[in-house]
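Please build the complete structure, drawing on both the sequences and the hints.
One line per chain: the protein sequences are A and B, in this order. Going by the working numbering, the first residue of the first sequence is number 28, and it counts up by one from there. Going by the working numbering, the first residue of the second sequence is number 47, and it counts up by one from there.
Do not rely on the hints blindly, as some may be mistaken.
EDC-like cross-link-like pairs, simulated, lysine to aspartate or glutamate; straight-line CA separation at most 20 Å [unchecked claim]:
hint : chain 1 : residue 1 : chain 2 : residue 2
1    : B       : 105       : A       : 326
2    : A       : 348       : B       : 97
3    : B       : 86        : A       : 319
4    : A       : 348       : B       : 83
5    : B       : 107       : A       : 261
6    : B       : 107       : A       : 256
7    : A       : 349       : B       : 109
8    : A       : 290       : B       : 92
9    : A       : 351       : B       : 77
10   : B       : 96        : A       : 326
11   : B       : 107       : A       : 342
12   : A       : 318       : B       : 92
13   : A       : 166       : B       : 92
14   : B       : 86        : A       : 261
15   : A       : 290       : B       : 109
16   : A       : 351       : B       : 104
17   : B       : 96        : A       : 335
18   : A       : 166       : B       : 83
19   : B       : 107       : A       : 112
20   : B       : 86        : A       : 326
21   : A       : 351       : B       : 109
22   : A       : 349       : B       : 104
23   : A       : 348       : B       : 109
24   : B       : 105       : A       : 112
25   : A       : 318       : B       : 97
26   : A       : 133       : A       : 112
27   : B       : 101       : A       : 335
28   : A       : 349       : B       : 97
29   : B       : 96        : A       : 342
30   : B       : 107       : A       : 91
31   : B       : 101       : A       : 342
The following residues of chain A were derived to be distant from chain B, with all beta-carbon distances above 12 Å [said to hold, decoys possible]:
hint : residue
32   : 36
33   : 77
34   : 86
35   : 96
36   : 130
37   : 139
38   : 170
39   : 181
40   : 190
Simulated from the structure, these hints should not be mistaken for lab results. We treat Cβ as the ideally placed atom computed from N, Cα and C, and that holds for glycine.
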Amino acid sequence: MSVLAILEQRSGQWNRMSFETLAAAQQLAKELGVTVSAAVLGHGVETLANELATKQLAKVYAVEHELLQDYTPDAYCAALAQAIDQFHPAILLFPHTYQVRDFLPKLATARRRVAVSDVVAHRVDGGSVILVRQLFQGKVSADIRLTGESPHFASLQAGAYRADQVAEGTSTVEVVHPSIAPAQIRTAPRELFRESQRAVDLGSAEIIVSVGRGIKEAENIALVQQLADALGGELAASRPICDAGWLPMERQVGSSGQTVAPKLYLAVGISGAIQHLVGMKGSRTIVAINKDAEAPIFEVADYGIVGDLFQVVPELIAEVKKAK
Amino acid sequence: MGIKKPKSKEVRRVTAESLGVLAAASGIALERIYLPERTKHTQLFDGSPKEAAAKLVEKLKFEARVI
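Okay, here's the thing in structure tokens:
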């Protein structure tokens with residue numbers, strides 16, 4: 028029995044959730060008393076694989092094929108199916124990225140398995156694994172036990188595990204050459220493009236300052252932008268702000284926007300509707316500034332100030348500038 | 047037209063087994079559904095906006111170490 032973490036890269040760059048998955052796989056394997064390995068798929072992924080060889084892993088698999096250069100669900104599933112047959116991992120963990128969402132159900136269903144998606148925690152109970160996932164936008168949690176024969180598949184929510192907890196060590200790289208025929212691939216990926224010219228990648232921001240309805244007027248957003256600038260962070264917003272057109276949709280955090288997990292998430296004038304919380308509660312440190320002490324945002328906040336944001340934010344900007 | 051027609055149609059029931067689906071072999075079992083417990087302890091800072099802001103920045107810098 029073993030755990031296998033399938034890590035995600037694009038054009039030789041790691042998706043940062045990959046290391047959260049690696050940390051989770053190491054922890055789960057340790058608790059089960061089994062070995063853990065990691066795999067990376069692509070074309071020319073040896074550099075990435077070598078980087079993984081510095082982690083505490085039984086084995087690193089570099090799954091190499093020129094048809095894995097650009098992601099397609101058919102090629103990825105073909106390669107992974109062969110890797111499963113060859114190495115017999117009991118549990119495969121994936122980061123819950125858009126790409127994984129695309130191919131994981133296909134991979135699991137082909138083996139008559141149900142992939143457990145968007146997992147936020149796990150525990151080992153009587154030798155078997157229980158995964159925790161959220162239902163109804165995070166209002167309800169569900170414990171799901173892995174039963175029967177392996178393999179089992181699960182994808183992990185952004186921010187549920189900490190990338191900085193990956194255990195270092197040494198490992199060896201095994202290059203795997205799956206057989207994939209061009210005829211197996213039914214889609215041809217075209218060039219990637221961004222929706223807009225001034226695109227923001229909130230997912231890679233370390234600090235996010237987010238603004239909500241408490242800001243009252245579009246003109247007041249400048250104040251929150253100043254705070255974001257002082258902190259060196261990105262500006263984001265809850266849905267009402269983007270619906271009103273005060274900020275572009277690409278800055279929206281929540282169930283109909285982006286899911287983020289920065290080091291610091293500062294919510295200004297956001298009450299914390301569940302649709303917003305689900306998009307940011309994986310953040311390492313959450314700060315809330317809101318005039319309503321009963322606002323649900325305080326339930327997920329590490330630090331909070333109950334007060335008028337128009338008084339607090341200018342003081343906060345001054346203090347941040349002083350501290351830097 | 048057609049709205050009332052479904053009333054007279056036979057409702058055919060199929061089971062997972064008859065379709066050749068083995069539900070029990072899916073490899074997962076839903077064990078429990080529950081309301082998540084609140085695990086976070088929130089530190090609130092009182093005082094004037096200036097005092098609260100200063101306290102918050104101090105915590106962010108020295109305790110959470112995120113700025």
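Flag every earlier hint the structure violates by its number, smallest first. 4, 8, 9, 10, 13, 14, 19, 24, 30, 37, 38 and 39
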